[in-house]
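Asks: Following the hints, complete the assembly by docking chain L onto the known chain E.
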Amino acid sequence: AQKVTQAQTEISVVEKEDVTLDCVYETRDTTYYLFWYKQPPSGELVFLIRRNSFDEQNEISGRYSWNFQKSTSSFNFTITASQVVDSAVYFCALSEANAGGTSYGKLTFGQGTILTVHP
Amino acid sequence: DVKVTQSSRYLVKRTGEKVFLECVQDMDHENMFWYRQDPGLGLRLIYFSYDVKMKEKGDIPEGYSVSREKKERFSLILESASTNQTSMYLCASSSLGGRVYGYTFGSGTRLTVV
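From first to last, the protein sequence lines stand for chains E and L.
Under our numbering, the first residue of the first sequence is numbered 59, with each subsequent residue one higher.
Under our numbering, the first residue of the second sequence is numbered 51, with each subsequent residue one higher.
Just chain L, with the same shape it has in the complex:
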């Protein structure tokens, strides 16, 4: 069964900490994405990557960075966590070509910054 795995389901961090959210996919997908989900705002794109060592800013990149050293892994980094980054974070991947579903999402990481 193909999947996208996010390393933590729940995470609690302190303000000012450096936080790493890890995402691994086993489908050999080229494209990977990080979203955050907040009530009433839907899912908003933070960063995405179309290839290894490649990254592009999404709609809300401020306060975040990413790393993609290997094709299967896409990490989201909060350099100095703040309380307004408390949210649900979802990772997704997609492939070149016409795979019917298009995108595969992880189960999400609920991050609380205290």
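So here's chain E without its partners, still in its complex pose:
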């Protein structure tokens, strides 16, 4: 069975601080996908990134960066120079693939981390 653990329930920082959100996952599949979503107070889920299990390259997008390490089954998310608009709930999620690796199966979410950035 798949499992995603986000150990940090809530994080509170002051604007311009860097913050890292941890994500640890468990799966028996060799082909899988990892995601991060942001859920602002309005409630919609905003896609941030997708990574497949064969691509361990780290990625940077503006102030956001992601560190994927298969050896520790972790997919951590760092926000550099945080801003008040980054305040939201952040979810890490894991998706299995079908036998051909061409389809997204069910998505398993972590418990979410509530990030509050104070001015």
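Hints were generated in silico from the structure; no laboratory data involved.
Don't be surprised by glycine CBs; every beta carbon is placed ideally from N, CA and C.
Watch out, some of these pointers could steer you wrong.
Listing some non-contacts, in silico: residues in chain E with all C-beta distances to chain L over 12 Å [claimed, not checked]:
#	residue
1	Q60
2	D87
3	Q97
4	G120
5	F126
6	Q141
7	K164
In silico DSS-like links for lysine-lysine, alpha-carbon gap of 25 Å or less [what the hints assert, rightly or not]:
#	chain 1	residue 1	chain 2	residue 2
8	L	K68	L	K120
9	L	K121	E	K164
10	L	K107	E	K164
Computed far set for chain E versus chain L, every beta-carbon distance over 12 Å [as the list claims (entries may be wrong)]:
#	residue
11	R121
12	V142
13	V147
Replies: Just chain L now, kept in the frame of chain E:
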């Protein structure tokens, strides 16, 4: 703009009522999912469907059923609503193939059972 539409944003129902939550997607996606979201528990999968008239149980199917008579529509049914089913319900769809985003989520239905 592609989207997943959930019929109601807010819903209040009485204990014991039969409740239907509707979800429609306009992307011709094969896969559809129903999740419920509760504070501290994240999103938990209730049911999913990989094809018309096909359904599979997720992690918390008890008290729920689903219907998928047409590809674009996936309905979640609470046969006899109970107060512990008060929650935010999110529908999602995904496609075969390598679409970058993978999943598209609806805006959610906040259900209160009184």
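Asks: Of the hints given before, which are not true for this structure?
Replies: Violated hints: 1, 3, 7, 13; rest satisfied.
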